[in-house]
Amino acid sequence: MDQALPVSLWCEESEEDQGEPQGQSSTGGSPQLRARWDPSVSGHRVIQRLLRLEERYMPSVLYVTLIQRDPQRREEIAKWALEVCCDCGCDEAVFPLSVSLMDRYLSAYLSLPVSPFCLAAGCILIASKLTECETVTADALCSAAEFSFQPSDLRAVLQCYSEMIEFALRQRLQSGLQPGPTEKDEEVENERPGTPTDMREIDF
Numbered sequence: 001m002d003q004a005l006p007v008s009l010w011c012e013e014s015e016e017d018q019g020e021p022q023g024q025s026s027t028g029g030s031p032q033l034r035a036r037w038d039p040s041v042s043g044h045r046v047i048q049r050l051l052r053l054e055e056r057y058m059p060s061v062l063y064v065t066l067i068q069r070d071p072q073r074r075e076e077i078a079k080w081a082l083e084v085c086c087d088c089g090c091d092e093a094v095f096p097l098s099v100s101l102m103d104r105y106l107s108a109y110l111s112l113p114v115s116p117f118c119l120a121a122g123c124i125l126i127a128s129k130l131t132e133c134e135t136v137t138a139d140a141l142c143s144a145a146e147f148s149f150q151p152s153d154l155r156a157v158l159q160c161y162s163e164m165i166e167f168a169l170r171q172r173l174q175s176g177l178q179p180g181p182t183e184k185d186e187e188v189e190n191e192r193p194g195t196p197t198d199m200r201e202i203d204f
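Using the numbering used here, you'd call the opening residue of the sequence shown number 1 and step up by one each time.
It should be emphasised that the hints constitute simulated quantities derived from the structure, not laboratory data. It is possible that some hints are incorrect.
Claimed, not checked - Each computed EDC-like pair below joins lysine to aspartate or glutamate, with the alpha-carbon atoms no more than 16 Å apart: (1) 129 <-> 76; (2) 129 <-> 92; (3) 79 <-> 92; (4) 79 <-> 103.
Because the structure is a prediction, the values reported are computed rather than measured.
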C-alpha cells in the first residue's frame with residue numbers, strides 16, 4: 001500500500017500507525033486481530049451482485065431534481081427522525097432503515113403526504129416493526145411533530161406502504177419463478193431466502 005496516502009482501507013489503522021509494521025499495534029506491540037479471508041465474499045460474481053443492488057436502490061433522477069432540491073430541508077427531517085428515535089429508545093437500526101424507506105417512497109411516488117414529518121413518522125413506525133423492537137405509538141409521533149399531522153394521516157401513509165410492499169413482493173415472486181442460468185457449484189452462494197419483512201430484498 002502506498003505510504004503517502006493519508007487513510008487506509010483498514011478501519012483499525014490510523015495515520016500514526018502507517019509507519020509501523022502491519023502486524024504490530026501502536027501501544028503494546030501485540031498483533032492486531034483481523035477477520036479471516038472469506039472466499040464467499042470475494043470474486044467477480046460478488047462484485048457484480050453488489051453493483052446490481054446499488055443500481056436497484058439508487059434514487060431516480062426525478063426524485064433528486066424535483067424533491068431533493070433543498071438539502072437543508074432534508075437535513076431537518078433527518079435530524080428530527082433521529083431525535084424521535086433517540087427519545088423513544090428505538091434500536092440503532094431503526095433510524096437508517098427509516099431514512100431508506102423514505103427515499104424509496106419518494107423515488108416511487110414523487111409526492112409528499114400532508115406533512116414531510118408525517119412521512120418520516122410513518123417510516124419510523126414501519127422500521128420499528130421490521131426490526132422487532134418496541135414499536136413507537138402513533139400518538140407519540142404526532143406529539144413529536146407538534147401535531148402537524150393526525151393519526152389518520154399516519155394510517156394513510158402506512159396503507160400506501162402496505163400496497164407498495166405487496167406489489168414489490170408480487171413482482172419478486174414472479175421473477176423468482178423464471179429459471180436462471182446454471183452456475184458452477186463452487187461459485188454458487190449460499191443465500192437465505194428473503195422473507196416478506198426483509199426490506200433489503202424488496203425493490204420499490
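These are the hints, each one checked on the structure:
With a C-alpha separation of about 24 Å, the suggested pair residue 129 and residue 76 falls outside the 16 Å cut-off, and the hint is violated. Distance hint between residue 129 and residue 92 is fulfilled; the C-alpha atoms sit about 13 Å from each other, no more than 16 Å. Restraint check for residue 79 and residue 92: the C-alpha separation of about 14 Å stays at or below 16 Å, so the hint holds. Restraint check for residue 79 and residue 103: the C-alpha separation of about 15 Å stays at or below 16 Å, so the hint holds.
Hint violations for this structure: number 1 only, all remaining hints satisfied.
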